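Residue numbers (my numbering), protein chains in the order written: chain C, 1 to 151; chain R, 1 to 151.
Treat the hints loosely; a few may be bogus.
Stated by the list, open to error - Below 27 Å or equal to it, Euclidean Cα-Cα: the simulated BS3-like pairs (lysine-lysine) are:
1) C/K127 to R/K89
2) R/K50 to R/K6
3) C/K89 to C/K6
4) R/K6 to R/K139
5) C/K6 to R/K89
6) R/K117 to C/K139
7) C/K117 to R/K117
8) R/K139 to C/K6
9) C/K127 to C/K146
10) C/K6 to C/K117
11) C/K117 to C/K146
12) C/K89 to R/K6
13) C/K6 to R/K6
14) R/K50 to R/K146
15) R/K117 to C/K146
16) R/K89 to C/K89
17) C/K128 to R/K23
18) R/K23 to C/K127
19) R/K127 to C/K117
20) R/K23 to C/K117
21) C/K117 to R/K128
22) C/K146 to C/K51
23) C/K25 to C/K128
24) R/K146 to R/K23
25) R/K139 to R/K128
26) R/K128 to C/K128
27) C/K89 to R/K128
28) C/K117 to R/K6
29) C/K50 to C/K25
30) R/K127 to R/K146
31) C/K50 to C/K117
These aren't lab readings, by the way, just hints derived from the structure by calculation. Remember, it's a predicted structure, so these values are computed and weren't measured experimentally.
Protein chains: 2
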Amino acid sequence: MHISTKCSVAIHCLIFIYEYGEKQKVTSELLSLSSGSNPVTIRNILSALKKDGMISVRFGTGGAALDCPPDEITLYRICRAIEPDFDSKLIGVHPMPSPLCPVGRNIHTVLDCSYQKIREDLCESLKKITLENMISDYKGTLDNRKNYDDE
Amino acid sequence: MHISTKCSVAIHCLIFIYEYGEKQKVTSELLSLSSGSNPVTIRNILSALKKDGMISVRFGTGGAALDCPPDEITLYRICRAIEPDFDSKLIGVHPMPSPLCPVGRNIHTVLDCSYQKIREDLCESLKKITLENMISDYKGTLDNRKNYDDE
DNA sequence: CCTCCTGTAATTTTTAAATTTACATCATTA
DNA sequence: TAATGATGTAAATTTAAAAATTACAGGAGG
Numbered sequence: 001m002h003i004s005t006k007c008s009v010a011i012h013c014l015i016f017i018y019e020y021g022e023k024q025k026v027t028s029e030l031l032s033l034s035s036g037s038n039p040v041t042i043r044n045i046l047s048a049l050k051k052d053g054m055i056s057v058r059f060g061t062g063g064a065a066l067d068c069p070p071d072e073i074t075l076y077r078i079c080r081a082i083e084p085d086f087d088s089k090l091i092g093v094h095p096m097p098s099p100l101c102p103v104g105r106n107i108h109t110v111l112d113c114s115y116q117k118i119r120e121d122l123c124e125s126l127k128k129i130t131l132e133n134m135i136s137d138y139k140g141t142l143d144n145r146k147n148y149d150d151e
Numbered sequence: 001m002h003i004s005t006k007c008s009v010a011i012h013c014l015i016f017i018y019e020y021g022e023k024q025k026v027t028s029e030l031l032s033l034s035s036g037s038n039p040v041t042i043r044n045i046l047s048a049l050k051k052d053g054m055i056s057v058r059f060g061t062g063g064a065a066l067d068c069p070p071d072e073i074t075l076y077r078i079c080r081a082i083e084p085d086f087d088s089k090l091i092g093v094h095p096m097p098s099p100l101c102p103v104g105r106n107i108h109t110v111l112d113c114s115y116q117k118i119r120e121d122l123c124e125s126l127k128k129i130t131l132e133n134m135i136s137d138y139k140g141t142l143d144n145r146k147n148y149d150d151e
């Protein structure tokens, strides 16, 4: 029924891990501070990303690392990992139309028909954007800000 | 942040009005019964569709009618009418990343960059589907069901 | 064996969506 | 012209979904 903020937090984490994962121990506590969301939320997100093979998280001692080339991590893959049935939740449908009315009896079929196309298009769209793209956007943003600060 | 069920209800209403608007007085009460949602919700939806010029609603006496050819009513137009800033609400962003962290300071810019593309693609996708399409899906569904029932 | 971390369940809080209640206003008609 | 049956909206309540919190078992490494 929506694209959740968890997806944004996941991207935040992935970029952070890419940038700092090799230099320091990236814990859920640290990601929590950086992203402003709760450590447990972070751990749940990391756990989902890990199950999907995008990152590895060291149990016990802690620390996360990318476990997959950034160009293989698409926005679609992130959404799916975070919210396994996100396709079906994307668009809300009113649950109880009347079975006594012809429109009520058939509206779900009609909606599915159009919504299916929307979902497919959206998935294509999400597959076109990768973590690699976003990392390069991030670097570009850092540079811009640097130049701006220098002036 | 999502495509709401109100959009589905709006489509329900539009198809209903197309089918029955000329034969009987389509009131919010009737649409409420058919769709299973509240008459006030219906009135709010009809009000939004009316403001956008898709339908006309007779004040006082009641009754709704299509006020626009079905091929000019796109899913995008419906979504926008129902939820004026739905573009910006489509994807959730975590609101309070840390300004002390380089990733935190720049994540919103980075996300906007990718999300903007997603939003544009989605809008294109929504513009491709019209009420005319959905009405013909509806008629097809009616026919299928009829044949099936006959067997 | 102590410390710091992960993983996860259960609860509570917060936020958003939908319903309900209430009532002013307007057209029709009896 | 008053009664009727609608719309249009605001405000309050209820419901449902998302996020945060609390709690704790278990692993790795000094």
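With the threshold set at 27 Å, check whether the alpha-carbon distance from C/K117 to R/K6 stays at or below it. holds, 19 Å
Is the straight-line distance between the alpha-carbon of R/K50 and that of R/K146 27 Å or less? violated, 33 Å
What's the verdict on R/K117 and C/K139, does the C-alpha distance respect the 27 Å limit or exceed it? holds, 19 Å
Does the structure keep C/K117 and R/K128 at a Cα separation of 27 Å or less? Holds, at about 10 Å.
Take the C-alpha atoms of C/K128 and R/K23, compute the straight-line distance between them, and say whether it is at most 27 Å. Not satisfied, since the Cα-Cα distance of roughly 48 Å exceeds 27 Å.
Hey, C/K6 versus R/K6, does the alpha-carbon distance stay inside 27 Å? holds, 24 Å
Decide if the proposed pair is consistent with the structure: C/K146 and C/K51, CA atoms, cutoff 27 Å inclusive. violated, 37 Å
Check whether the Cα positions of C/K127 and R/K89 lie no farther apart than 27 Å. holds, 21 Å
Holds or violated: C/K89 to R/K6, with C-alpha atoms at most 27 Å apart: holds, 14 Å
Against the 27 Å threshold, does the CA-CA distance of C/K50 and C/K117 hold or violate the hint? violated, 30 Å
Restraint status (C-alpha distance of C/K127 to C/K146 at most 27 Å): Distance of about 31 Å is beyond 27 Å: violated.
Taking only the CA atoms, is the gap from R/K128 to C/K128 under or equal to 27 Å? holds, 20 Å
The structure does not agree with the numbered hints 8, 9, 11, 14, 17, 18, 20, 22, 23, 30, 31 stated previously, though it agrees with the rest.
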